[in-house]
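From first to last, the protein sequence lines stand for chains A and B.
One point on numbering: in the numbering used here, the residue at position 342 of the first sequence is 342, and numbering is uninterrupted.
Just add 1000 to the spot in the second sequence (first one is 1) and you have the numbering used here.
Since the hints were made in silico from the structure, they are not lab data.
By construction, the Cβ of each residue, glycine as well, lies at the ideal position given by its N, Cα and C atoms.
Any given hint might turn out to be false.
[To be verified] Anything over 10 angstroms on all C-beta distances counts as not near chain B; from chain A, calculated:
(1) H98
(2) I205
(3) G316
[What the hints assert, rightly or not] Under the rule of at most 25 angstroms between Cα atoms (straight-line distance), these lysine to aspartate or glutamate pairs were calculated in the DMTMM-like manner:
(4) B:K1086 x B:D1035
(5) A:K135 x B:E1038
(6) A:K135 x B:D1050
(7) B:K1054 x A:D84
(8) A:K103 x B:D1050
(9) B:K1054 x A:D78
(10) B:K1054 x A:E75
[Stated by the list, open to error] Only part of the chain A face toward chain B is listed, based on derived beta-carbon distances under 10 angstroms:
(11) W36
(12) S57
(13) G58
(14) W59
(15) G61
(16) L63
(17) F81
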Amino acid sequence: MSKVRILAGTRKGAFILESDGKRDKWDVSGPHFAGWEMYHIKGSPADPNRIYASQSSGWFGQLVQRSNDGGKTWEPVDNKFVYDGTPGTHQWYDGTPHPWEFKRVWHFEPSHTDPDTVYAGVEDAAIFRTTDGGKSWQELPGLRNHSTGNKWQPGAGGLCLHTILLDPKNPKRIFIAISAAGAFRTDDGGQTWKPINKGLRSNYIPDPEAEIGHCVHHIALNGSRPDVLFMQKHWDVMRSDNAGDLWQNVNGNLPTDHVVYPQKDGTTKEADMKGFGFVIDVHTHEPETVYVVPIKSDSQHFPHNGALRVFRSRTGGNEWEPLTKGLPQKNCYVNVLRDAMAVDSLDKCGIYFGTTGGQVYASADAGDSWNALVHDLPPVLSVEVQTLS
Amino acid sequence: MIRVWLPAHLRTLAKVGSEVEVEVKGPVTVNSVLDAVETQYPMLQGTIRDHVTKQRRPYVRFFACEQDLSHDSTEMPLPDAVASGKEPFMIVGAIAGG
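Just chain B, with the same shape it has in the complex (with noise of 0.2 angstroms):
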């Protein structure tokens, strides 16, 4: 199962905690990764990503394993410790506004 946490507003919406986790069949990338939260989460559509053009929203930061993962491919395979559960796949609101 690959760990996904969420920033709290979407915890709100989805009704769950800080992290869920997903199931994903194939390889581990970010866009397999979130059509299993939105498959699994369908309130999320949207949010996190475009509906249509599944681009990220300019305000949401994808990180994992200490590192910013928001401008690479998202077909990329993410890293190992993702795709085995060690470390969760984090979806964050970025730092903006006053």
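Chain A extracted, bound-state conformation (with noise of 0.2 angstroms):
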């Protein structure tokens, strides 16, 4: 019988969820690496028992724990990344020059076919890649050397690569996302990337149109069809069906709030806008079926009325319902963050969710209805899924 395992990264350690394909019944270990923050953890596609995670400590630094027991024993692996060549800078939140200094991972992307395999996003915004297990991490260095790269700035959470995707049928393809340049895509295995913000609009930047500079929080693709990509923008949930060629606003229907932000001449404007939320993901089954959750502005960062609400989109974007059954509907303020959201390959399809009021809540039937898992972890940094034979 299907097993399902939930990685959990939070900001005082990692957990890990394991149930039955029946989802009812879920045993919590943890925390792994108590007091530590745990940005990542994710699973080999190739070797789900191979699991690597992100751990790191305003004190001690970057490290990275490698398990090839399925998260039962782990060990330290490199924990080096070191830019390729003189880094140069980039730009700072006043627009001077910074020199680009590593901070941390954000998020690590194992590959499909090979469990030594796996890439790395990192802030500042870079993307790293180990062929040995995580004995080694090199840099490839042709995104950050990007001929916009010295005009990359930090968002607020830093200036981090915090999405990567990997083209399941085209192995040379990558998606990438940094907080606040933008989407890159590489089409030669990460020698060379082009920005692909086009049809984009940030009008919290000087040129609401600009070929980088937008605050992308996160994309996501359905393996079946990679060239149709998601992406839950700063403001704004966006859809390209040309691998991220030209990208169209699907937010529909979903809540809006009315905003007032800076023009060029120092003057204000107001507008109602939509779409406002870091979290999204693809249905595993259903490539038109996409989940958002919408959180009240850029300043505030709760839900809506306090409720919170999962979106579900079966149509690609544009038509969102709002599921809410299980979940708090009065008195909820927490955030759901970029990384904390997966789906498992289960008929129906599981979709999992991490909050960084500590819960973890869990649908077994493509969203209809929820369950908090565990209620009082430390807030959930990330949330990844396998799903074991």
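Dock chain one against chain two, each of which comes alone in its own frame, and use the hints as you go.
Below, the structure written as structure tokens:
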């Protein structure tokens, strides 16, 4: 019988939740690495017992942990992330040049085919790769050396490369996203990259349709159709049908916020805007079914009206339905961070997400109903799920 | 042997108790002691000082013989009591946060 394993990274350790395929009883283990920030934990699709975890602290920096037995035991592997060559500068918040400085790993993306090959998205934004199971890491410098690299500016959370998507049908193609530079794609295995931000509109930057500078929060795809991408941006949920070459807004009937934002000439402008949030994911078996968790405005970061609602579109965007059964509908002021949602591959598709309030919610029926598997973990930074046979 | 006191998280990482002993050949300095610690416990590389620049991480402090040595030259000889093993060289996680 199938099993499901959830890998939850929190501000104070990692937690592993396991269930059989019914997904109604869960065993919880942890905290692993108690007291450390666990930004992301992800298993290898090629060998589910191989798991990589990003462990960090403000005191002692970055560590990388590897498990070869499904998270029962761990060993530290190489934690040396050194930028290729002379790193140069990006822009600081005030527009001045700032040297690239490694701070932490935000995301690990293991290869679809080789458990020893893993990509790491780091802050300050760069992509690294190991091909020896984490014994050593090398930068793919073509991204950071892109002609726009010296203009990239950090978002509120830092200049972080937080999203890495490997095209399962084209091993040379990788999508990444950086806050707040935008989305980029390589079609040659990481040697060269191009911005894929056409169609995005961001009123909070001087040129709302600039080539770079958009605060992309997360991107998701369904592996059966990797040319179709869904993006959760600072504001707006977007969709691309051509691997990011052009995006279209699919906010549709998502909740609206009234926003005041500055103009180039020093005046302000008011607008009703939609689609602020961090997390986005796609149903495993229905590539037009998409999930987001709208959050109120870019200054409040909690659910509208204190009601935690997942919004599901079964039409690839534009038409959204709120999913509320089992979720708190009053006095709820948590957030769901960008890497804190995942889907399993069972039928019906399971959806999982973690909150900054320490809950991990699960739906075993594609979002129709939800249960809190745990209530009181530290703030959840990331959620990944493995479907085990 | 040089006695080195480690903060709790690094003890867990290195799977040791609060204090370890390392052998230092030549002058006993912050750098030579940390080189010895990192050789004996390679999982600690990068957690006390930067891999490349060898600069102390900002929230890590170095104490010995009731003195804060954090801002001293890392090539300066450590106190005789540390070099003789009478007193430990203490690597401390700074009191920070709320």
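Right, here's what the structure says about each hint:
no.: 1; hint: H98; in the structure: 17 angstroms, holds
no.: 2; hint: I205; in the structure: 31 angstroms, holds
no.: 3; hint: G316; in the structure: 44 angstroms, holds
no.: 4; hint: B:K1086 x B:D1035; in the structure: 20 angstroms, holds
no.: 5; hint: A:K135 x B:E1038; in the structure: 16 angstroms, holds
no.: 6; hint: A:K135 x B:D1050; in the structure: 18 angstroms, holds
no.: 7; hint: B:K1054 x A:D84; in the structure: 18 angstroms, holds
no.: 8; hint: A:K103 x B:D1050; in the structure: 11 angstroms, holds
no.: 9; hint: B:K1054 x A:D78; in the structure: 17 angstroms, holds
no.: 10; hint: B:K1054 x A:E75; in the structure: 24 angstroms, holds
no.: 11; hint: W36; in the structure: 7 angstroms, holds
no.: 12; hint: S57; in the structure: 7 angstroms, holds
no.: 13; hint: G58; in the structure: 6 angstroms, holds
no.: 14; hint: W59; in the structure: 4 angstroms, holds
no.: 15; hint: G61; in the structure: 6 angstroms, holds
no.: 16; hint: L63; in the structure: 7 angstroms, holds
no.: 17; hint: F81; in the structure: 9 angstroms, holds
Of the numbered hints stated above, none is contradicted by the structure.
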